Amino acid sequence: MEETQSSWNDVMSQWMRFQESLWKEWLTFAEKSMESMTGVAKMGVAVGDKTAAPWNLYQSWFESFQKVFAEKSEEGLGATVFNRTFHASRVYLDLLDFWSKTLSSLKDFSIGEPLSVEKIRDIRQRWIGQYQSMMESLWGGVPSAELKETANALSSASVAASDLAWSFIEPTFKNMTQVPGVLEKVVKGDRSAVADLGGIFVKNYEETIGKALLAPSVGYFKEFNERVNNMMYACIQFNTSKAAFYSLFYATGIKAAERVYDKFTEFVGKEMTPETFREFYRIWWTINEDVYQELFRSEEFSKLSREVNSRGLLFRKWIDDVFEQILKFTSLPSKRDMDEIYRSLYDLKKEVRNQKRTMKELEERLGKRNSKRNPSL
Amino acid sequence: MGENVMETMIKETAKVQQKLLKGFENLINIKDVETGITPKELVYQEDKVQLFHYDPGSKKACPVPLLVVYALVNRQYMMDIQDDLSLFRKLLERGLDLYVVDWGYPTKIDKYLTMEDYILGYMDNIMDFVREKTRNEKVNILGICQGGTFSIIYSAIFPQKVNTLVTMVAPVDFDSGDALLNVWAPFIDADLMVDVLGNIPGELLNLGFLWLKPFQLIIDKYVGLLDRIDDPVATKNFLRMEKWIFDSPDQPGETFRKYVKELFQENRLCKGQFELGGKLVELKKITMPVLNMFGELDHLVSPKCSRPLSELVGSKDVTTIPYPVGHIGMYVSSRAQKEMAPTVANWLIEKSGGVVKKSRQKKSVRKKGTQRKSKN
Numbered sequence: 034m035e036e037t038q039s040s041w042n043d044v045m046s047q048w049m050r051f052q053e054s055l056w057k058e059w060l061t062f063a064e065k066s067m068e069s070m071t072g073v074a075k076m077g078v079a080v081g082d083k084t085a086a087p088w089n090l091y092q093s094w095f096e097s098f099q100k101v102f103a104e105k106s107e108e109g110l111g112a113t114v115f116n117r118t119f120h121a122s123r124v125y126l127d128l129l130d131f132w133s134k135t136l137s138s139l140k141d142f143s144i145g146e147p148l149s150v151e152k153i154r155d156i157r158q159r160w161i162g163q164y165q166s167m168m169e170s171l172w173g174g175v176p177s178a179e180l181k182e183t184a185n186a187l188s189s190a191s192v193a194a195s196d197l198a199w200s201f202i203e204p205t206f207k208n209m210t211q212v213p214g215v216l217e218k219v220v221k222g223d224r225s226a227v228a229d230l231g232g233i234f235v236k237n238y239e240e241t242i243g244k245a246l247l248a249p250s251v252g253y254f255k256e257f258n259e260r261v262n263n264m265m266y267a268c269i270q271f272n273t274s275k276a277a278f279y280s281l282f283y284a285t286g287i288k289a290a291e292r293v294y295d296k297f298t299e300f301v302g303k304e305m306t307p308e309t310f311r312e313f314y315r316i317w318w319t320i321n322e323d324v325y326q327e328l329f330r331s332e333e334f335s336k337l338s339r340e341v342n343s344r345g346l347l348f349r350k351w352i353d354d355v356f357e358q359i360l361k362f363t364s365l366p367s368k369r370d371m372d373e374i375y376r377s378l379y380d381l382k383k384e385v386r387n388q389k390r391t392m393k394e395l396e397e398r399l400g401k402r403n404s405k406r407n408p409s410l
Numbered sequence: 160m161g162e163n164v165m166e167t168m169i170k171e172t173a174k175v176q177q178k179l180l181k182g183f184e185n186l187i188n189i190k191d192v193e194t195g196i197t198p199k200e201l202v203y204q205e206d207k208v209q210l211f212h213y214d215p216g217s218k219k220a221c222p223v224p225l226l227v228v229y230a231l232v233n234r235q236y237m238m239d240i241q242d243d244l245s246l247f248r249k250l251l252e253r254g255l256d257l258y259v260v261d262w263g264y265p266t267k268i269d270k271y272l273t274m275e276d277y278i279l280g281y282m283d284n285i286m287d288f289v290r291e292k293t294r295n296e297k298v299n300i301l302g303i304c305q306g307g308t309f310s311i312i313y314s315a316i317f318p319q320k321v322n323t324l325v326t327m328v329a330p331v332d333f334d335s336g337d338a339l340l341n342v343w344a345p346f347i348d349a350d351l352m353v354d355v356l357g358n359i360p361g362e363l364l365n366l367g368f369l370w371l372k373p374f375q376l377i378i379d380k381y382v383g384l385l386d387r388i389d390d391p392v393a394t395k396n397f398l399r400m401e402k403w404i405f406d407s408p409d410q411p412g413e414t415f416r417k418y419v420k421e422l423f424q425e426n427r428l429c430k431g432q433f434e435l436g437g438k439l440v441e442l443k444k445i446t447m448p449v450l451n452m453f454g455e456l457d458h459l460v461s462p463k464c465s466r467p468l469s470e471l472v473g474s475k476d477v478t479t480i481p482y483p484v485g486h487i488g489m490y491v492s493s494r495a496q497k498e499m500a501p502t503v504a505n506w507l508i509e510k511s512g513g514v515v516k517k518s519r520q521k522k523s524v525r526k527k528g529t530q531r532k533s534k535n
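Line by line, the protein sequences are chains A and B. Following our numbering, the numbering of the first sequence begins with 34 at its first residue and continues without gaps. Following our numbering, the numbering of the second sequence begins with 160 at its first residue and continues without gaps.
Hints were generated in silico from the structure; no laboratory data involved. Treat the hints with care, since some could be wrong.
Taking lysine to aspartate or glutamate pairs in the DMTMM-like style, the calculated list, with each CA pair at most 20 Å apart, reads [said to hold, decoys possible]:
1) Lys296(A) - Asp127(A)
2) Lys380(B) - Glu322(A)
3) Lys320(B) - Glu397(A)
4) Lys393(A) - Asp283(B)
5) Lys383(A) - Glu205(B)
6) Lys267(B) - Glu357(A)
7) Lys372(B) - Glu332(A)
8) Lys389(A) - Asp337(B)
9) Lys178(B) - Glu96(A)
10) Lys430(B) - Asp337(B)
11) Lys350(A) - Asp348(B)
This one's a predicted model, so the numbers in the text were calculated from it and none came from an experiment.
Bound conformation, chain B alone (with noise of 0.2 Å):
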């Protein structure tokens, strides 16, 4: 045993050294790599939010635009990362009219910005802007993650606004406690951070992401990436994907504040106690048409947190659909790619006095087995 033991160390070791060579060679010089990768327009600022514009052409089949409003923590060309992984690549080809919210890097000067300006200031401009661009009364609109949570506040606010309320891996219901950051949450000093950090860092942010799964994130993930270290397709993508975790803006110091303390430390959205700007959001106020979509195995936001949505608003039209991915895996495992994007075009064109094709309706029928309705 001992022979094979010194030898398979020295092999072991020598193929692990030729890797890190190439992996060395392959990427050193790689400054950055693209992203976002669909042509787009801005068509609105305000401070460091800027709004995008996405335009199918011809193709266009859903005559009420949809506003995609991703979270403040890092950034939303996550769905437009590579060619054959955009979905906002897909929901075009569709034919839906795309804005796209980017809430940009929040620096120092912004740390006094609250949930109030995110979702009552800049949310509501750019939803009137895009109403009076469009000349629609009202616009559909796709929140994730946290930016969810803000398109489900707005929409309680705002009904008489929204179309149709589209939510993927949204938290609503925080009190769920099977997810590490619902156990964690209970025992952050929001204050003391806020008051001391100003805004949160991102990299904080990152480190407590990290730590979810720290043999698989820090270790396993690399090891991995040595074993396809020859293939330079596999190797952009990898580094696309390193790029969007590690690209995380800070926090504004008084939207961690509320959220923390509001939502993930008193679950007030869901009990009905959540005020904004003076108001209180009640979730019953939701009577339009939703389209609550989850991971069953995200460990960000676990589906106990993102289901509730479908039981707590007022509409009596909610489709609930629970996809067997995790959190990222909602934009850009082959599955979300292949079912998701259609089965959410489908969706809001039929919601939106649209035509849904007839090759497309046949798709959208056969994805029906993996929905379930809630209400209804």
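Bound conformation, chain A alone (with noise of 0.2 Å):
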């Protein structure tokens, strides 16, 4: 008790540390806004400057927090709710952080005036954009064009070409668990995936498999490497099938974004206060709700999530079979094993239920049958 409690307030003096320069960041942020010519209007423009516009500083609050309290979380029911609660509790406030941008950027606008064409479709854009944004934190990152495209080509790439990929992931599959996400930054573009991968290669292939599969055994490596290259191409085929389900998952929050576009001109002119802002949440994730519910209603989202499924399935599938061949060189048993002993259980536990089931009733009937012969028994 005595040690929580002197976590617990080990965590209160950081946290009022942090809380004592986020004030003054806050407060300094505010003398120059003031001190600026046409104030909040000023503001609008300064969205993207994250340095100034007070919507980022949450986001520093939230980055601080996080780090203040993830060295200090414990494991257990409480400790996983409050992560889902902080997580939750993100998004709203990049809700509200997207609500005060819009609103903010809406000054440029004079209420009653008539809109032209081009301020509407202005107005439109900077929803959209700002929209744009605020997904990408609810979702995780969305797939670029250039990522949908690379995942193309490369899933279009002959079984043969991937003899090429063969070459460069072949001393990687001791660390297989680590591929998968390690590939999927490659194809992203991210060059330093690229060196981790690289480090991946020279490191296990000097000290694994590499060795092994110089030995001259070249039946047995060619059915390996058959092996190494099927995993491969169901990888790519696997990134593939996930940009594109995740591309769907975004298109589909646009679309919630142009119904709650509709809505949010409803607010447009009123006082922007807590209560109104609870009201555009409540609409923004009803709405979402609504509009995602039609998506998984589509055949559209059960075909592609049977797609991603089956595509997840087969390069496990593939995984594991590497791992089979693998598991050859060492003394542990394998997948195949360790199923050949659960099955072999299995039929040795029913087998006993049955003898147990046919030996109560063998009872009961000889029971009867006594008790008919000798009705006193």
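Using the hints, put the two standalone chains together into the complex.
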């Protein structure tokens, strides 16, 4: 208990220091904004300036909060629920951020003034642009057109072409769990990820299977090579379908944005209060829920889900297959070996259960027969 | 407007900060919360499956015991989740002698367990145990959700062992198509899933359930929690629900395969084409009294999936009761607590030759307004 109290005090002291600095930052900004010539209208222009805009301060607050508390987080139900709550509140405040930015950006337009087609288009573009940024925090990184193109190009590569990939990936199988993540980064154009992959390559090539692959066992090598090729191919296909899947999610978010926009116009000209924001939040999530429900009910979604799941499962199947081969080098049992054991145990248990049942039935019959022969029993 | 924007932004952010801080303080040291609060006794065990007895003691009013069969998905303690929300406790107070199946947490070694093993094996053994222990030829069954489907199948195969069948949010017609699970089911490659994964991870199923209402279940629910984070009782209750929702055992692969392919995708049970252990499951063989209850707002098991049972069974004594609640609301809503438990208890006592006490009978009559007899 004392330890917990001390830990809590420690968190609180860090927290207070952090609050103090954050508050100072806010005050400084507020002073600056008051000094500015056109006040808040300027703030709307400064939206992209992360160092100055107040609506970005909460982001630094979140990051610091996470930093302060991450180290103190414990395992357990409470901590898990707190983390979920933290994520949800982040989305909530992202929406508040979006709301603030959007309302401020509308300062350029006078209420009551007839809007030209250009102005309407401008408002809509700002809306969608800002909404897209918020979507990224909601769903994570959205696949770019480049990613999709690259992934498509890679997926259309023939198995023969994957020989090239094989030479690249060959020694990394030992760290197979890292490969999908690293590859995804590579496909996204992350140069550091290429370096990571290279690092894994060199390290493992020398230390692990590279040696075995150099062994003069040509027939076996060929089989293993093909399995890894298949795994690579499955990985690329999986990532391609994932990109398509997330694109659909993203497109649906934009569709929801259009509907939220229609409702949002009802708020233009109203005073910005926590209550109006709460109302906007409620509209936002219920509209999104409805739009995503439409997506989830569509055949397109079901088909794409099946595609992603199947590709992911096939990738996993090939990973298992490669591991099966790797484990032959060791004395460890493979998945197939374990399945055999599970199956035997299952059959044995079932046999015992059936035997017990038969014995019980026989006992019952015997009991009935005896009681018929000798009713006094 | 601009000043207001900034002011509101800062105020609201600060408010969320404070609530999060409070949330951290209240939640972070809670390792677990107590669920399954009513005293019980382990009376039978076979592999990972356990049977618990809840004794009504001197209040016993129903001469025939009730076996509660929950789904393999999630855990049966939902019906005994906290002091003021316990269907089990309410049934005990009404004098029912309760036996509750706990299917346990299947592991890799259980991947070959089939629906035959569950229904013709574990469930039948448990039924025999209860029949023997209580010296009853027949036992009442309350089947919930997937456990309801299991109970329906069991009752069709062993009608001689079942006194009455009570189903709660139990799917029987999987072709209804208006619940998302039914929309997605035709696209599930169950063979590939089971062949590759063995058991189907509970986390994967949970993800599917969250996607049924993603914004409500992933965002708004927790934003709502922040609003009542100062209330320790509400917070504890929230944690109990969270524990239950995410407490999802893995599904044994072979059971999942048959359930998805033959029920969700081919709707064989409803069509009279479902076989188990080489026996055709004919719903017309269910001739004992049936009480069919479901939630009109259920987004997991649509009323269209549950309601048809009343027409499909061979029984002439069928009572159908829709409640204006969702799936989980069937177990924990205040309406369910107030109305459902007495209704079930009185119905069971009546069908089991027990005596419903006058005060209870009066309540039962009052509740009959919500009931509708489909047959009889």
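Item to check | Pairwise hint evaluation, Glu397(A) against Lys320(B), where the allowed Cα distance is 20 Å at most | outcome: 16 Å, holds
Checklist entry - Going straight from one Cα to the other, do Lys383(A) and Glu205(B) come out at no more than 20 Å? => result This hinted pair holds, its Cα atoms lying about 12 Å apart.
Item to check | Pair hint Lys380(B) and Glu322(A), alpha-carbon separation not exceeding 20 Å | outcome: Holds: Lys380(B) and Glu322(A) sit about 13 Å apart, inside 20 Å.
Next on the checklist: Tell me if the straight-line CA distance from Lys393(A) to Asp283(B) falls inside 20 Å.
Outcome noted: 13 Å, holds
Next on the checklist: Hinted pair, alpha-carbon criterion (20 Å max): Lys178(B), Glu96(A). Please report holds or violated.
Outcome noted: 17 Å, holds
Next on the checklist: Check the hint pairing Lys372(B) with Glu332(A) against an upper bound of 20 Å on the C-alpha distance.
Outcome noted: 18 Å, holds
Checklist entry - Do the alpha carbons of Lys430(B) and Asp337(B) lie within 20 Å of each other, as the hint requires? => result Answer holds: Lys430(B) to Asp337(B) is near 19 Å, not above 20 Å.
Checklist entry - Within 20 Å, alpha carbon to alpha carbon, are Lys389(A) and Asp337(B)? => result 44 Å, violated
Checklist entry - If you draw a straight line from the CA of Lys267(B) to the CA of Glu357(A), is it 20 Å or shorter? => result Satisfied, since the Cα-Cα distance of roughly 17 Å is no more than 20 Å.
Checklist entry - Hey, Lys296(A) versus Asp127(A), does the alpha-carbon distance stay inside 20 Å? => result It holds: about 18 Å lies between the C-alpha atoms, which stays within 20 Å.
Checklist entry - Is it true that the CA of Lys350(A) sits at most 20 Å from the CA of Asp348(B)? => result 14 Å, holds
Hint 8 from the list above is the single one not met by this structure.
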